[in-house]
Each structure stands twice: as structure tokens, then as C-alpha cells.
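Visitor: For reference, the chains in residue letters:
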Amino acid sequence: MRYAALVIPALFLVLFVYALIRRVKIYDSFTEGVKEAVPLVLSVFPYLVSVLILSELFERSGLAARLTQALSPVFSFLGIPPEIGKLVLLKPFSGSGSTALLADLLAAYGADSYIGRCAALACGSSETVFFLSAVYFAGSKKSVAKPVAVALLSNFISLIFGCFLCRIL
Amino acid sequence: MNVIFAAVFLGAALIFLFTDAEGFLPALLAGAERAAGVCLALLASYCVWLGFFKVLERCALADKLSRALLPAAGRLFRSRDARALSLACQNIAANMLGLPGAPTPLGVAATQKFLAARNGYAAEMLLVLNATSLQLLPTTVIALRAAAGSASPADILLPTLLASLLSTLLGAALLFLTHKIGRRRT
Numbered sequence: 000m001r002y003a004a005l006v007i008p009a010l011f012l013v014l015f016v017y018a019l020i021r022r023v024k025i026y027d028s029f030t031e032g033v034k035e036a037v038p039l040v041l042s043v044f045p046y047l048v049s050v051l052i053l054s055e056l057f058e059r060s061g062l063a064a065r066l067t068q069a070l071s072p073v074f075s076f077l078g079i080p081p082e083i084g085k086l087v088l089l090k091p092f093s094g095s096g097s098t099a100l101l102a103d104l105l106a107a108y109g110a111d112s113y114i115g116r117c118a119a120l121a122c123g124s125s126e127t128v129f130f131l132s133a134v135y136f137a138g139s140k141k142s143v144a145k146p147v148a149v150a151l152l153s154n155f156i157s158l159i160f161g162c163f164l165c166r167i168l
Numbered sequence: 000m001n002v003i004f005a006a007v008f009l010g011a012a013l014i015f016l017f018t019d020a021e022g023f024l025p026a027l028l029a030g031a032e033r034a035a036g037v038c039l040a041l042l043a044s045y046c047v048w049l050g051f052f053k054v055l056e057r058c059a060l061a062d063k064l065s066r067a068l069l070p071a072a073g074r075l076f077r078s079r080d081a082r083a084l085s086l087a088c089q090n091i092a093a094n095m096l097g098l099p100g101a102p103t104p105l106g107v108a109a110t111q112k113f114l115a116a117r118n119g120y121a122a123e124m125l126l127v128l129n130a131t132s133l134q135l136l137p138t139t140v141i142a143l144r145a146a147a148g149s150a151s152p153a154d155i156l157l158p159t160l161l162a163s164l165l166s167t168l169l170g171a172a173l174l175f176l177t178h179k180i181g182r183r184r185t
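These protein sequences, in sequence, are chains H and S.
When we follow numbering that gives the first Met the number 0, the leftmost residue of the first sequence carries the number 0, and every step to the right adds one.
When we follow numbering that gives the first Met the number 0, the leftmost residue of the second sequence carries the number 0, and every step to the right adds one.
Next comes chain S alone, as it looks inside the complex (with noise of 0.2 angstroms):
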């Protein structure tokens, strides 16, 4: 990230340098004005979520949900923390289900949880899931779709969904064969 910073940060401030030196601080200043506005989208669903989240906690229901899926967790993140494994699965049912802002909140305990643990693979591991889209249903694309007058705004349902499978086995496939071969070396 380091890197990508430096380096997307440098061109730019070049490009802007020799072709538009007034408009530097104000590219900044929307960046960092986009973000405060994002921030309070974000505290507005995570609210939500996290009330919905504790409530489902409290009734030791997400628990007894995924029980039946921590074996196949269990292997897919190498790990036999329960409690983060349960929380992964949270965070993959809420990215299928296209549930707007609730899978970040789980994402972000699961990984501090795996990361206490030591398991960075599993941390990598549910990073790579979700960056690669886990999203049955992309909703927000069907209705820019139809809001553009689309004759049928979800004919774009299943290359999409085909796309995304393939990238999210792709990754975790990567992820899995990078891991083997760092063991194998070390």
C-alpha cells in the first residue's frame, strides 16, 4: 500500500505541477471532504448493523447458524477460534445477501480476531473473499441499470455472477498455493 501510495501520489502531483498547479490542494481537499461524508454514511449503517448484529449475538442465534458450516470454515481459514470463525461466516452471508454496509463491521472483528490469533492467513484468507465480491445479487448496478432505461436491467445477473465466482475460487485458490509454497520454503 506503501508503495501504491507513493507512487499514485507522485505521478499526480507531477501531472499537476506542469499542467494545473491551482487545482492540487483542491483535489485533496474533495478527497478528504468525500471521506468525512462517507464516514457518516458508514456510522449510519454500522449503527444499524451493529444493533442488529448484538441483537442476533444476545440470542446465541448466529452461533447455533453457523455451527454447521465451522468444519468447512475451520479448513477453508485454518483456525479453531469459534467465536472469529462465526463471525467470518456472518461476514459471508451479509456480502451474499448484498446487506448495504453490514459486512465491514464483521469483516473488521473477524480479522482483529485472527490477527490476535496470529493467523494471517486466515485474515488474508477473508480479505481476498471479500475484495473479490462474494455479492449474489449487485443490486446497486441492476438499478443504475434500469435507471438508464435498460429494456432488462438484470439480463447483467448471470455473467456478473459467473464473474465474480470465478474471481472469488481464483483468489482463495492463489491465496491457498502462495501460502503452501511460503511454507514449503521456509
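Next comes chain H alone, as it looks inside the complex (with noise of 0.2 angstroms):
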């Protein structure tokens, strides 16, 4: 694990010294670039608002708990503990509301239990689905129904298979 903390540093050194050789002007580059990120925040800003409102009304409102209580045979008859239910149904639309919720999970249930382990499985090999729909197809008028319905089915796929796998390996 200790070794994953200096990829970033490393790729930085590696970069700036190649641009030192190319005689690339690294502040002026740099700062070029640093301009770009206002616009990209402000499209994408509407998009993030819209999907993080609807993440945080259904989870208030207890439509997550209802949905995940009424799934809940559905997902121990796949394998998966019903327990963990809610933060799959979640992961969806949040990233940093998936993440609060597996800390949640993990010390109710422990890290290394299986419902544990399964939680930290859901959370790591899916991604936030609609975030991520909202901001690329951000201002496009292309509809983004089939991507999204593929993503969702084939991460769901995936955690039944991974919830498999927790019990065997």
C-alpha cells in the first residue's frame, strides 16, 4: 500500500523534468491549464446540484430504506447481504454519501466480517453512475438511457459476483 502513495509524486517528478528537458515553460503551462478549471466547475456545477439534491431526497426522505427493505429478499435470494442494500442503491448518485455510508457499515459491522467485506466490495468496484452521466453528457442533448442502464446492470452483475467471491476467497 505504501508503494500506491508514490505514484503521484513520482509522475509529477518524471513530468517536470521531461518538460525541463523539452525546455517546456512548466509555470506558464501550468497556469494555462489551472484557467480551464473554472468553466469545466461551472458547467458542470447544475448537473452536480440536480443529482446531489435527489441523492440527499432519497435518502431523507426513507424512500432508500423502503426500496431497500422491499429488495431486500430479492438481494439475500442473490447473495447479497441485505445490510448493505442502501449503499448500492446509493452509490449511484454519490460518491462522498456511498463513502460516509460504508464508514457507517464498517463499524457496525465490523471491516472484516463478511457483510463488511461485501459493503467494501460494492463501494470500491462500482462508480458513481449518475454523477458521472450528469457531468459528460453535461449541455448534450443526446440521451444517456443505454449507457446508464448498461453501467447500472452490469455493475449489479458484478456484485453478485463479487458478493460470491467475498464467501469463497
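Do not take every clue at face value.
Calculated lysine to aspartate or glutamate pairs in the EDC-like style (CA-CA distance at most 20 angstroms, straight line) [what the hints assert, rightly or not]: (1) H:K24 <-> H:E35; (2) S:K112 <-> S:D80; (3) S:K112 <-> H:E35; (4) H:K24 <-> S:D62; (5) H:K34 <-> S:D80; (6) S:K63 <-> S:D80; (7) S:K112 <-> S:E56; (8) S:K112 <-> S:D154; (9) H:K24 <-> S:E56.
Derived by calculation from the structure, the hints in this document are not laboratory data.
Make the complex out of the two chains shown on their own, each in a separate frame, by following the hints.
Guide: Written as C-alpha cells, this is what we have:
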């Protein structure tokens, strides 16, 4: 794990040394790149607000809890512990929200328990599908229904597979 | 997205109406406030990575590195646009390395280039690859497990890696198949 932390400083070091050799003006180029950050965040902002408001409503209204309860027979049939159902439902909306929920689950059931391992796997092997689709297709009129459906289905199938792996590995 | 937004919003609003009417507006505001906070965090990481990527671009290093991958990437995305493909390759690499905040600006730039060239398939493929997780090292999850007192926090690595691999392959295959079927029909 300690080596993973070396990746980022090493990347910067290699690039900047290479830039010096190539006589690229590092300060000028870096600053020019930073300029693009504000327009990017501004274009992302409205979609982020809508998705996160939805995620907050989904959780606070108790809709997520009710759906989890309704779906728990399905989850247990597929080998997914029903305790992590809410995490599975919340993950596509929000990365920060599901990370907080994972921390709660790990504290409640223990990091090395089967439920804790499945929860960690559910968090680590999927992505924030709705968030990414909103940001990547921001301002485009193209429908994202197909890629979103494909991604959600693939993530769900791999979750079933992953929970099975957690039992045998 | 419109259907999901309407369904979740109406469902939640109905529950709020009957159980906790005062809680509705605070929930909306909390969501918007979180978005503002996330945006600030995103702005910071976009600044760092966009600066990094501009230096990379000026060195012409990224294009040189991704040239070897271009034929394969071109086939995957069905595109000949070398600049867009290079951005997509960098996005995938940044995802795999798990550089926090780095894949998004690259993904957005590549998607915009693909969409401008009317290559919807490439944009959808890039989204599916990103949304099914390409990360090789789930660093956040491992850190959380360590914080929760796990005996070996990294032992989740292998199942997670296999599951992400399966979801990515499955997603790419499904998108490819639906695209082929859709084209045969028209």
C-alpha cells in the first residue's frame, strides 16, 4: 500500500523533469491549464446540484430505506447481504454519501465481517453512474439512458459475483 | 435521467408530505449545499490536474505515449480522431491509477470531442468504461477498512479487482452488442 502513495509525486517529478529537458515553460503551461478549471466546474455545477438534491431526497425521505426493505428478499436470493442494500442503491448517485455510509457499515458490522467485506467491495468495484453521466454529457441533448442502463446492470451483476467471491476468497 | 429524476423526486416528496413535511425544504437545501461543497473540492483538484495535463500536452508526451495504444483505442471507440482518442486513453490511465479528480476533466474533454464528431457510440463507450470502475487500487475503501480496525485491510483487493474487471468487460460487451443490434434494425 505504501508504494501506491509514491505514484502521484513520481508522475509530477518525471513530467516536470522531462518538460525542463524539452524546454517547455512549466509555469506558463501549468497556469494556462488551471484557467480551464473554472469554466469546467461551472458547466458541471447545475448537474451536480440536481443529482445531489436527488440523492439527499432519496435518503432523507426514507425512500432508500423502504426500497432496501422491499428489495431485501431479492438481494438475499442473489447472495447479496440485505444490510448493504442501501449502499448499493445510493452509490450511483453520490460518491461522498456512499463513502460515509460505508464507514457506518464498517463500524456497525466490523471491517472483516462478511457484510463489511461485501460493503467495501460494493463501494470499490462500482462508480457514481448518475453523477458521471450527468457530468460527461453535460449540455448534450443526447440521451444517456442506454449507457446508464448498461453500466447499472453490469455493476449489479458484478456485485453478485463479488459477494460470491467474498464468501470463497 | 428525466424519468429517474421525476420518479425519485415525486416518490420522496409524497413520503415527506405524509411523514415529515417540515423536512422537505431542508433536504433540498442540504443537497444543494453539498453540491456547492463538492464543487469547491472539484475545483481544487481540477486546477491541479488541468495544470498537470497542460504541461503534459505542451511536452507532446501524452500523444507520444498513447500513439502505441491508438490502433486498439480506435477499434474500441470506432474513431479516428487521434486527439480525442489520446484524451480517452489518458482518462482510462488516470482511472486505473486512481488519481483522485484527474479522470473527470479528461473524460469530459474526450466526450465533448466525440460528440462534436457525432460519434455517440464512442461517448457512450467512454461513459460505460468510467461508470463500471476501472480503478486498480480502491485506495479510499482500503483506507476506510484500515480506519475501522481491519486485520488486513488490503485483502479486499482481489475480489474487488475481479468484480470491477467483470463489470467493465460486461458493460463494454453489452454496449457493443446493443449498438450492433440497433444498427441492424435501421
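Visitor: Work down the list of hints and note, for each, if the structure agrees.
Guide: Here is how each hint holds up against the structure:
1. H:K24 <-> H:E35: 18 angstroms, holds
2. S:K112 <-> S:D80: 9 angstroms, holds
3. S:K112 <-> H:E35: Status holds; Cα separation ~16 angstroms.
4. H:K24 <-> S:D62: 18 angstroms, holds
5. H:K34 <-> S:D80: 25 angstroms, violated
6. S:K63 <-> S:D80: 15 angstroms, holds
7. S:K112 <-> S:E56: 16 angstroms, holds
8. S:K112 <-> S:D154: 39 angstroms, violated
9. H:K24 <-> S:E56: Distance of about 12 angstroms is within 20 angstroms: holds.
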